[in-house]
Each structure stands twice: as C-alpha cells, then as structure tokens.
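Peer 1: Here is what each chain is made of, one letter per residue.
Number of protein chains: 4
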Amino acid sequence: MIGGGRGAFIGGVHRIAAAMDGRAELVAGAFSSDEMRSRASGADFFLDPDRVYGSYAAMAKAEAAMPPEKRLDFVVIVTPNHEHFGPARLFLEAGFNVVCDKPATFDLAQAKKLRAIVRRKGKVFALTHNYTGNAMVKQARELVRDGTVGKIRKVVVEYPQGWLSDAVVLLGPKQAEWRTDPKRSGAAGCMGDIGTHAENLARYITGLEIEELCADLTTFVKGRKLDDDGNVLVRYKGGAKGVLHASQVCIGDENNLNIRVYGTRAALEWYQEQPNELVVKFPNKPSQVWRRGNLYLGDEAKRFTRIPPGHPEGYLEAFANIYREAFQAIAAEVKGERIPKNLDFPTIDDGVEGMAFIEAVVRSSRLGATWVKPLR
Amino acid sequence: MIGGGRGAFIGGVHRIAAAMDGRAELVAGAFSSDEMRSRASGADFFLDPDRVYGSYAAMAKAEAAMPPEKRLDFVVIVTPNHEHFGPARLFLEAGFNVVCDKPATFDLAQAKKLRAIVRRKGKVFALTHNYTGNAMVKQARELVRDGTVGKIRKVVVEYPQGWLSDAVVLLGPKQAEWRTDPKRSGAAGCMGDIGTHAENLARYITGLEIEELCADLTTFVKGRKLDDDGNVLVRYKGGAKGVLHASQVCIGDENNLNIRVYGTRAALEWYQEQPNELVVKFPNKPSQVWRRGNLYLGDEAKRFTRIPPGHPEGYLEAFANIYREAFQAIAAEVKGERIPKNLDFPTIDDGVEGMAFIEAVVRSSRLGATWVKPLR
Amino acid sequence: MIGGGRGAFIGGVHRIAAAMDGRAELVAGAFSSDEMRSRASGADFFLDPDRVYGSYAAMAKAEAAMPPEKRLDFVVIVTPNHEHFGPARLFLEAGFNVVCDKPATFDLAQAKKLRAIVRRKGKVFALTHNYTGNAMVKQARELVRDGTVGKIRKVVVEYPQGWLSDAVVLLGPKQAEWRTDPKRSGAAGCMGDIGTHAENLARYITGLEIEELCADLTTFVKGRKLDDDGNVLVRYKGGAKGVLHASQVCIGDENNLNIRVYGTRAALEWYQEQPNELVVKFPNKPSQVWRRGNLYLGDEAKRFTRIPPGHPEGYLEAFANIYREAFQAIAAEVKGERIPKNLDFPTIDDGVEGMAFIEAVVRSSRLGATWVKPLR
Amino acid sequence: MIGGGRGAFIGGVHRIAAAMDGRAELVAGAFSSDEMRSRASGADFFLDPDRVYGSYAAMAKAEAAMPPEKRLDFVVIVTPNHEHFGPARLFLEAGFNVVCDKPATFDLAQAKKLRAIVRRKGKVFALTHNYTGNAMVKQARELVRDGTVGKIRKVVVEYPQGWLSDAVVLLGPKQAEWRTDPKRSGAAGCMGDIGTHAENLARYITGLEIEELCADLTTFVKGRKLDDDGNVLVRYKGGAKGVLHASQVCIGDENNLNIRVYGTRAALEWYQEQPNELVVKFPNKPSQVWRRGNLYLGDEAKRFTRIPPGHPEGYLEAFANIYREAFQAIAAEVKGERIPKNLDFPTIDDGVEGMAFIEAVVRSSRLGATWVKPLR
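Those protein sequences? They're chains V, X, B and H, same order as listed.
Numbering-wise, the first sequence is residues 1 to 376 according to my numbering.
Numbering-wise, the second sequence is residues 1 to 376 according to my numbering.
Numbering-wise, the third sequence is residues 1 to 376 according to my numbering.
Numbering-wise, the fourth sequence is residues 1 to 376 according to my numbering.
These are calculated hints, taken from the structure and not from any lab test.
Some clues are possibly wrong.
In this list, chains with the same sequence are indistinguishable; a pair is considered to hold if it fits within one copy or across any two.
Lysine-lysine pairs mimicking PhoX-like chemistry, simulated, CA-CA at most 20 Å apart [as the list claims (entries may be wrong)]:
| no. | residue 1 | residue 2 |
| --- | --- | --- |
| 1 | Lys302 | Lys285 |
| 2 | Lys237 | Lys70 |
| 3 | Lys237 | Lys151 |
| 4 | Lys121 | Lys237 |
| 5 | Lys335 | Lys70 |
| 6 | Lys112 | Lys222 |
| 7 | Lys225 | Lys61 |
| 8 | Lys151 | Lys222 |
| 9 | Lys113 | Lys225 |
| 10 | Lys237 | Lys222 |
| 11 | Lys151 | Lys341 |
| 12 | Lys121 | Lys341 |
| 13 | Lys285 | Lys151 |
| 14 | Lys183 | Lys225 |
| 15 | Lys373 | Lys112 |
| 16 | Lys61 | Lys121 |
| 17 | Lys335 | Lys121 |
| 18 | Lys222 | Lys183 |
| 19 | Lys373 | Lys237 |
Here chain V stands alone, though its shape is the one from the complex (with noise of 0.2 Å):
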C-alpha cells in the first residue's frame, strides 16, 4: 500500500475491502512520504518492519527484488491526486499490478500516458470507482443492457455533500486540505473528488458517453482556490440529454449521490445512502422496488452480494465487490494466464474517460459555461 496511513480516511477503507473476501492481505507498504510516520502506520498493521518504507521508490525497488514467492501481486496507491500517477508509473513499469483510487491522476496527459504504459506492460491496474461496486447498480446496468428500460431519453446524477459548506470543516483538516489544494487535487475540487463518481456511475449504467457537455462551477467559500460546487447539462451521443451537478457545500447533505435514468420503456432511480433498493418504474404499473439479495434479481446482481436480502450490505461491501473482481484479473496475470476480459472492474479507461470529464467541466466552466466535448 502507497499512502493510507494514519489519520487518512480511504486507505482504511481500501484495507477492509480488499481483505473482506480472505482473499489478499496487507503484506508491505509506504504510508507516509515521511518515514517514522510511515514505520508508525506499519505497526499499527502488525507488518514486517522490513517491508515498511519511506518512499514508494525504495518500496518499488526492494519489492521488485523479492523472490517471486514472497513478492506482491499488486500495490494500492491512496495517495492524494498528484501522487498517483508516479507510484502507479514506477511499479507498472517494475512488473506489480495496480490498484489506485481515483481520479486517476492528476491531470488528462498524465492520464493517457498511464494507459499507454499499463497497455504495454500487460499489467491489471483497477481504479476503484468504488459506487458502481454496489449490487443495484449492476442490476441497474442490466436492466438497461437486456432492453427493460427502452432507449435513454434523459439522466439524472447528483452528488451533493456538505463536509465543505465552512471554510473551517467539520471532517478534519487532512481530508480537506489536500482536496482544496489545486497544486495536489488537479484542476477541479468537487468535481474532481466526487464530480467523477456522479460522471463514471452514470456511464456505467446506462453505457452513454458524453458528447458535449456545458459546466457552471463556482466556490463558495472564500478563500478556497477549487471549485466546490458545480452544475453540468450534458448531452449524450445518441440523443439523450443529462443533468449533473455535484457540490461539497450542500449543508447537511452526507454522501448523497444518486442517479435516476428515465428511457422509452421504463426508469430507474438509485441513492446510494439506501443502497441496497433501486426503484424500478413501468408506464401504468406500480412502481417496483428491487432489493439486494433476492431471487428475482439478474445474475449481476447476484453474484456481488453476500448475505440474504434484508441484512443490508453497505459502502464497503460494495468497495470490496471492486477488489474481488479485480483479484481475478489479478490472480490470472500472477498465474501467467491471459487476463479475462469483460470482468466488471472500472480500469484505466475510465481512468481516461474520467479525467476527460473533469478536463472538459474545467474547461467549460472557464469558458463562461459553454458547450464543450471531452477531449478523450
């Protein structure tokens, strides 16, 4: 693990995902650019102090050089924004799988050159998009797939939050003051952080891609250097038309991102603070509700979920429903087998993809809000 030592937040989460399963563990790490922090962390998780490192540099190096049955098979990199992109360069290039949380990187090139590096090496590198992990967003995406929604005329994706609504927050300093910080966050705040979860969770459910979109982003807070706030109309290519907004200053919202796809034949609606329903809705009929773990459900559905309907499965189920899938890619690579295709992980081309949106939101918005299309 690169990152994710004491006081931060998703290397926690990335730790519980990835062992929910039995299925890996936590063997070695650089948790902190500063060392002592970094030997501290590793304690805490009961490590080898051999494998504990100072930087990811030396981590890559003296991994590389283990035998091949004690070497890794896979790195996590839960660094902020701007410190994906080296790590995730390095250990690909020295022959480890990837997994990184997202955005990808920190900017768009810096995007395109990783996938051209993860293309040649052959490597798994899995961005961790962890939202679409959740069993009614497979239901969803499959709903659409077999035709039960019709063509998609119109998509609505909010992601409001309200963490950063004071300029003092109420999360702890650490977690905002890296988000805010256009010189480790990228281009965007919010839009950046949570914009491309709203952006990538929509796609992946309903298979659209952007054709233009128009962006109004604004700060609110004085003082902060990133938007945290932004409203986006986007057309698809095909016809569809999309709403989507996202903002870190919508008092007294959580982690409310939510989704509603309304097509020819029916419509769905998915929040992700009441995981596991999606409604489903027919023209004259009762509106349905569809609930994780039942019979009913479509073998997507079925195969991300673990215990009986009505025992609610939550944020790091479906966190970990990414890293199961991307362990057997994983496990193939390692093996020396060919990497499946179609496995339901989100790789470096929504890593692209992503980086492409946040690109052209930024874009738009400094354009006055115009019609802008991604530059993929």
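Based on the hints, put chains X, B and H in the right spot on chain V.
Peer 2: Frame of chain V; chains X, B and H shown alone:
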C-alpha cells in the same frame, strides 16, 4: 367560470378549492365555446340556466349588466393558455376581479399588456400558482426571510412528470391535446405547463431573481411540436446558482415537483407529493422534519392550515389557500375599500415573471442553449 | 348540524367534507348547548338566524315542522360521545336521516338501541369512520376480496398519537377535556377515540370478525381517568391473528394510523399519513407501490378519486368520500326510493361493532388482560 | 470455528465480521460433522489441513495440546442450536474463550449450566446478538441512559420476516430445515430464531426487564412443527408496557427488525434495514433524524463507526462491532490480565435471559396465551 366544463381537469379543482372554506359559490359560467356543452356543464353544477353562457363575451356583457347585489364578485378563467388574455382583459375592463389559471397568458407581450390593464383598472388579478399555497412552502419562505437559511448559494428545483412519455397519452386525449399544441399552449410545452410552476416555487421561497439562464429543451416524443423536457442552469442575482429541470416524459413520475435550497446556514427540502413535510438541515446537527399543523411553526404556516398535524392536507387545500387569500383582496375591492398590500397570492407580476421565464428558456434553447437574460 | 360550533375541530371537518363535491349545503344548526355560542357560530356560517337553535331538541321540532322543500335532508351530529344517542334518536324518530361522528354512542347498550331505531325507521344512519374513505384503503379491500392477498394470516394495525402525552395538552384544552372524561367519552379513552378507528379499518379491509381479544390498557398520565394507551392481541374467526395497539402518549407521533395485512399470497401496507400509497408485496417479487389516481387501480379506488396521480388527496377528501356515498343513500331516501344496498359507507352496524369492541377491550383489561369475546 | 462449512449462511458472516478490523485470523476448524465436508471447507479457507477436524471434540483435544504461541485465542460456534452447548462446554473446559451464535443454547437449563461454567472458568463467552452492534442502537441506548427519553412508557419491537411463508422455502432447504425442527432448534421456531433478537434489542436499548408476558404463538404453515409467528404483550418492571411480535410468514418483509421506544420526554425509532438512521422525537419540536458518523453523536455511537456519514455501514459492520469489543476481553484474558468490565458485547447473561424469554413465551402460549413470568 370561463372554461372548465365536462371533461376538464383544472375546472373541477378550481370549483372545489374556491368553495372549500365556504366563502364562494359558483353562480354563472361560460364553460365551453360550444354552447350545448356549456349548458350541459351548467346543469351539472345546478346553475340557473339564465346565467350559463355560450361564450365569455356574452357572459361579460350580461353579467356586467346585473344589479350590484347579484353581480359576480370575480370570474375564474380556466381555459387553455391561448384563451386567457381575451377573457381576462374583457372582464377586467368590465370591472370584474379575475382569478386565472397559470401561465398568465399565451406569450410575454400579452402578459405585459395584461399587467398594464390590471394596474389601470385597480382590480384584483390572482394567478393560481397553487403550489405556493402549501403551508410548508410558506414555512420554507419564512425560514429564508428570517435568516435561518443564511445567504442562499444553490437552488435545485425539479418537476418531473411522466404522463406524456408516449405519443398515446394515458390521462386521456383532452388534457394532452392542447398542452402539446403551439397554437393553444404557447411557445413552450413542458416548460410552460410545469416549468413555470418550478420557477414560481423557487422564486416564492427564495426571493431570488434570475439574472441569466441557459436552457436545453428537447422534444423526445416523435411528432410532438413542443418541448416535453427541459434542463436549465440558472444564475441568480447576487451570486446564487440554480438547476431547474422539468419533464413530461419521466416514466413513473407523477407530479414530483420538489425543491432544495442550500444556504450558508441551513438547507431546505420540500416535495410536493409529501406536502405536509419540510426537511430542514443544519451543519453538524440531526436533520429535522417540520410538519404542517404544529405549534412550533411560524405564523404563515399556521395561518394556512385547516386540520391538526398528521391529518394530511393535499393539493386541493393548497389550491384553496390561494383562493382564501385572494378573497380578502376581492372582498376589499368589492366593498370599495383599499386592497390590502402584502396579501399572499400570486398576481399579474408573477404572471409576467413566468412568461419572461418561458420566453427566455425558449430563446436560450433556440440559440443552442446559450446564456440569455429574461426580458421582464 | 348538531355541535361543531366555534373552537370545535371535527365540526369544521364535517362542513368542508360534506360540501366538497357541491352536493350539500349547511342550512341549520344547534352548534352548542349554549344558545349565545350557537348563534355566534351560525353567524360565522352565514346562516339564516331563524334556523340557528339553542338546543337540538328545539331544532328537531322546528325543522320537522318545515315544509318538505325547505326541510333538511339530513342532520350531522358532531357532539361529544355522550351526546350522540340523544339527538340521533330524536332526529331519526322525527324522520330525518343522520350522519354521526364516531364512536356511534356512549356505550354498547345505546348502540344496540340505536340500531333498532334505524332499522325500524328505515332511515339512513352514516357513521364517519372517515379513514375507510381513502381510495387506497378501498384498493386494499379490493385486493383482499379478489383473492390477491389469499387467506389472511396476520393483521397488524396501529394508531399511535402523542398529543395527550402530557397532562397539559398541546392542542388546546377543549379537545382533550371531554375525550378524557368518562362521563362524556364513555368507558374508554384512547381505545374509544382512536382504537375504534383501528378496529374499523382492519375490519373494513380484511372482512375479518374478531372472535376474541386480550387487551392491556394503561393510563400513563397521572390524574387521567381513562386509558391513554392500549395493546390488544386478537384472534379472528377463521384462524387469523392480530395485533392492535393505539396510544395517545406516543411522543412525536401525530396521527399515525397504519395497517399491515399478511395473507398466504400477498401482503398489504397502508399508512394514513401517506394516504395516496399502498404497498403490495408478493413472494419473490419486488415490492410494489400502488398510488392513487392511476389507471391500473380497481374500480373502487378509481371511483373515490377527484384529481390525478401525484396531486395528493388527504384527510378531508377521504372524509368527503364517506359523505359522497352516504348522499346517494340519503338522496334515494328523500325521494322515497329504495335505499341502494352495498353503498360503501359505515352504518349503525359498524357502530355496534365498534361499541362491542370498546366494551370488550375494557372488560378484558379490567379482568387483568384475559381473553374475552365481544358481545355483539 | 465450529460449524459454518459450505452452504452455511452464518459461518461466512462470522468469518468476515471477525476479520474486518484486521484483529483475527481463521486458523482451524471443525466445519461439519461430516469429515469430508469439513476438510473441503477448510481448503476453501486456505487452512493448514492439519488444523481441519472432523469433529469439535477432536479439535478441542488437538488444539488444547498446541504450544501457547500457536494455540487458538478463541473458538467460534456457528452450529445449529442443539449443538451449541456441547462444544461451548468442551472448549471452555479446555481453557478456550468462546464466541457463540444466538440463541445461547437449546434450552434454558443448558443456558444456566453454561453460565455456571463460564463463571467458574473465568473465560470470555460472547454471544453474537449482532443487531446491538449497530452504532445507532448504541446511540439509542445512550439517549435512554442520559435521561433524554425520560421514563419509558411503551416499547414496540417487531421482527417480521417472510422467507418461511411457504412450506417450500425460498432461501434454500438448509437454512429452513433445522430452524423448523424442534430437535435441533429448541422449543420455539420463529420466537427462538428472531424473537430473541427482538427481546435482546429492546432490553439493550431500554435496560428494562420483563416482569410478565402474554404470548400467542401460531404455526401457519401446515406440517411445520414449530411456531412461525408470535405476538406478545409485555409488562416491564417499573410499569412500562410492551408489544413484541415476530413472524417468518410476513410475505415481502425481509429482515425488518425495528423498535420504537416512547418515554415521558422523547421517543426513539430505529429500523434495522436503515441502520444508519435513528429518529428522535420530542414534544412540540420537529422530529430529528440522527445519522451515523456525525460529530453530534455520543461517544458510544462514535466509537463503533468506521467510515464517514453517508457512507452506509450495514449488517456486517455491526456484527464486526460485537467482535471488536469481545476481542478486547479475549486479548486481556489471553494475556492473563483482568477482563475489563463494562465492555459492550452480549454475554452468557444475555444468553440466559434470551432462553428464559423463549421458555416463557412457549409456556404462555401453551397455557392459551396467559400471563407468565420468565424464570431466570
């Protein structure tokens, strides 16, 4: 009553709403431009056949000639949009007060003319933007006005319906027909029919004025001549941002008008289909559900309530609240007294604002969804 | 109208409900046993002072002497429980139809006497168990009757309120005073006031008759003379089991009457505070939300609906539905026609059943909460 | 681990929950009384074949002989109810700490014997009444303990499930088979399997002890030997009243454990299927929704939380909270330190209370649903 004969939806609503509090009685009408139909409707309502007319012109003439004690106090106009201005002008000029269904007129020019007439004649013109009649909407406005919400940053207002999602329409041909006909409905379809309600609701609660907007309207159902969906980005005077979207092709959505208002101190959420509740959120506090009829509510929310908490009021009661307030103005006017200021019902000014909104969204969309300013 | 003067709650509800569909008009009343108060109330309603009375006896006498074309078609009794039987008997004997608030009478003996009078006189006696007027309650009954639910196994019906949770009552002294006074309310407090609604609702939907019950009533607020809480186990004829509980000390609950019915084939859920929805569940299928006003509903649910889906109807509309149906019976009776059978409104038979329920729960509780049979 | 091999539900849950926080590892097991099956399961979990056993007796013997550094710290018993006491006794006697699935034993007598053994041996015995592991359940308890709720008047606790509503069971034969077999499940079916969870949850939150109860149990599905439904009236020591009902024939209900607690000052509502929320209501105030992860929560709710608000935790996280707390006791015991008091996990005392509850409801029901006292 002008319009609202057999088969009409909104006419029946007006009749119940106007009579609910025992302060008005239906005594005359031109219920249809087809005289036979008008007479049949008059019989349905047990009216004196002498006061049932084959045209609003005939009605205006005959009723204006009545002795004062028998004269109408006001007329209600519930015809399709293209037939609002004609009767409104005629009855105002003849000295009657007018209650008119929304939107005010067929186009912005008519609305401005009507405003001039209303001002010149000193009569009451009430526009039934009924949703603002809800007690909890009034509470929402009070929480903005008294500073609880703080400075508003973001407004999200939605109005998704699904009943026009097919060319063949579920609620019967009569409702759909004129609403999708540019000769009767005006320049906008969905945005005129319900988008204006969304605009009005947002303005009523927040007090914010739209500085400019960017609207992307779509006609999804083949053969339809007007928009059945619209997505709008809004910039309010003073810096707040908005998202407004309305649709009549959102399968499974019935009449899901809803609004969220985010300020620097608190946020509000209201759903028309659950009108007795208002969600109020503060930073670092549990979210609150304020409910109609309780002692803890403000004066305005209390004033527009008939029954105790937990005994749900609905659409008709909210509608009746508009009437109840307009009746105070009408009663004063009829007695020759000064019409009290600050009565809480929508007027011709709201009508002009609504028509300016419609004109602006249509203009923006025709220009490819660029930013335009409403022409008030 | 008997009772329902200034300050009364339920009188105003009856006036709005009776008039909602334009089929009834208030023309006379004895609004209070205090003549001055009665007259003041009469003036509030714009009544002819000659038809405002200081006692129901005076009213019965005077109105019975009116010429047929001016005579009342029916009277409405909205006095406290101990004053139901007197006026009901008097007006029935004088040849009037009667609409009466629930519970029917002060005690079971009175209810049986009243039943005999109603039968003998052949007049209409409608009891306003208003909650069964809800369109979705009618749909629930239809799903039981048409076999969708299968054989019923379990019924859970709850009616928690919180407004009497203190000795000092929030909604004002007048409502609380007589309801907690055994001389005016009858043998039960909470169970008489709202427990009977729960009993009636369950019987209406399921058609099941209580074979025996075991009731544990409690008075939580010191100094109160009647129960303010009651929990009841029920055994229905035919083997179904039930849980019925009602309370007026459930802080924060407003008027949360709700019912769940579980059968061998399906289950139903209805909440009075969300009256436009009925949840229907089937084995191994997504649960369904049926909503008022839609084409997919049964004939009864459609018949008792005024406005389209998504335009919420509430308490007053349900109440008006009881009146609407009773008016058909009254209209027939007034014309001297046979009163149609199977009209859908509560009658004196429901009144006797309700009083038998009250008598049984009080008897059971006094015996230490043992099993007893209602004495019908 | 004893039990929990292939096809078992609860074994998998225990494995994930125990390992979630990186503080436990599965190293040995007797996963089935069929040795082949046990070995196959051991292989699934990548265990050393030397530590996979064909019987719990063999395992106890072999593991007790291990050197201290390799020895198990605790065993987990996840067999059907009739096989709890045997291994629990054996392992306790052999000096191991025990984590055991609920209910504690096959009958009350065994539970009392086990209590004596636990006390005598001074070992940890943790019982996985997992629902009390939820952060918002802990918050509920805190609001009772700190006086916010006031003196409790009424408790309504429900546990409706629908999966046994047919003779042919949807979730597969293995789960249903032993639960409906009196030789393996004990004297109660539904009340033992889930009624005990309801009892435990109510006691955990309120601290109230059942003085007497009146239980009406039913077997609705033909051929079933144990109750599949039960309705219970409760009288608590100190005067509070309760309603507890549980069922496994409530079609469409998944795992809908929920509780409402009404006190003199406030009321609480919690639904297991929405575990991140706790509704708190006060007289004459808006109701409040308290949500997991927020700074305004009490220390206990904060202590049992892994991820920020709006990132839903679910069933597994609550289960893991029981383990997390038990591990503190186990760690102390293993180190030879004193086991800290007041750790927050269910113990053999909860087990005895649960078995006394089961014995009482069965006894009451057999007596025709009369009032009985639990024999603790």
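Peer 1: Each hint: holds or not?
Peer 2: Comparing the hints with the structure gives:
With identical chains, the CA atoms of Lys302 and Lys285 are at most 20 Å apart between copies only, with a shortest distance of 15 Å across copies and 25 Å within one. When the C-alpha separation of Lys237 and Lys70 is checked against a cutoff of 20 Å, the pair qualifies neither within a copy, at 48 Å, nor between copies, at 61 Å. Taking CA atoms no more than 20 Å apart as the test, Lys237 paired with Lys151 passes inside one copy only; the shortest distance there is 12 Å, against 38 Å between copies. Proximity of Lys121 and Lys237 under a CA criterion of 20 Å is satisfied in neither setting, with 32 Å inside one chain copy and 54 Å between copies.
Proximity of Lys335 to Lys70 under the C-alpha cut-off of 20 Å is restricted to the intra-copy arrangement: shortest distance 14 Å within a copy versus 31 Å between copies. Taking the shortest Cα distances, Lys112 and Lys222 never come within 20 Å of each other, neither inside one copy (34 Å) nor across copies (40 Å). In this assembly of identical chains, Lys225 and Lys61 lie within 20 Å of each other by CA distance neither inside one copy nor across copies; the values are 36 Å within and 66 Å between. Taking the shortest alpha-carbon separations for Lys151 and Lys222, only the inter-copy value of 13 Å comes in at or below 20 Å, while the best intra-copy value is 43 Å.
Taking the shortest Cα distances, Lys113 and Lys225 never come within 20 Å of each other, neither inside one copy (27 Å) nor across copies (48 Å). Taking the shortest Cα distances, Lys237 and Lys222 sit within 20 Å of each other only across copies (18 Å), while inside one copy they are farther apart (37 Å). In this homomeric assembly, Lys151 and Lys341 never come within 20 Å of each other (Cα to Cα): the closest approach is 26 Å inside a single copy and 50 Å across copies. Taking CA atoms no more than 20 Å apart as the test, Lys121 paired with Lys341 passes inside one copy only; the shortest distance there is 16 Å, against 56 Å between copies.
Taking the shortest Cα distances, Lys285 and Lys151 sit within 20 Å of each other inside one copy (19 Å), while across copies they are farther apart (25 Å). For the identical chains of this complex, Lys183 and Lys225 are intra-copy neighbours only, at 10 Å inside a copy versus 50 Å across copies, given an alpha-carbon limit of 20 Å. Within a single copy, Lys373 and Lys112 get their C-alpha atoms as close as 17 Å, which meets the 20 Å cut-off; across copies the closest is 40 Å, which misses it. When the C-alpha separation of Lys61 and Lys121 is checked against a cutoff of 20 Å, the pair qualifies only within one copy, where the shortest distance is 17 Å, while the shortest distance between copies is 52 Å.
Taking the closest pair of Cα atoms, Lys335 and Lys121 come within 20 Å of each other only inside a single copy of the chain (15 Å); across copies the shortest separation is 49 Å, beyond that limit. In this assembly of identical chains, Lys222 and Lys183 lie within 20 Å of each other by CA distance solely inside one copy; the values are 18 Å within and 49 Å between copies. When the C-alpha separation of Lys373 and Lys237 is checked against a cutoff of 20 Å, the pair qualifies only within one copy, where the shortest distance is 11 Å, while the shortest distance between copies is 29 Å.
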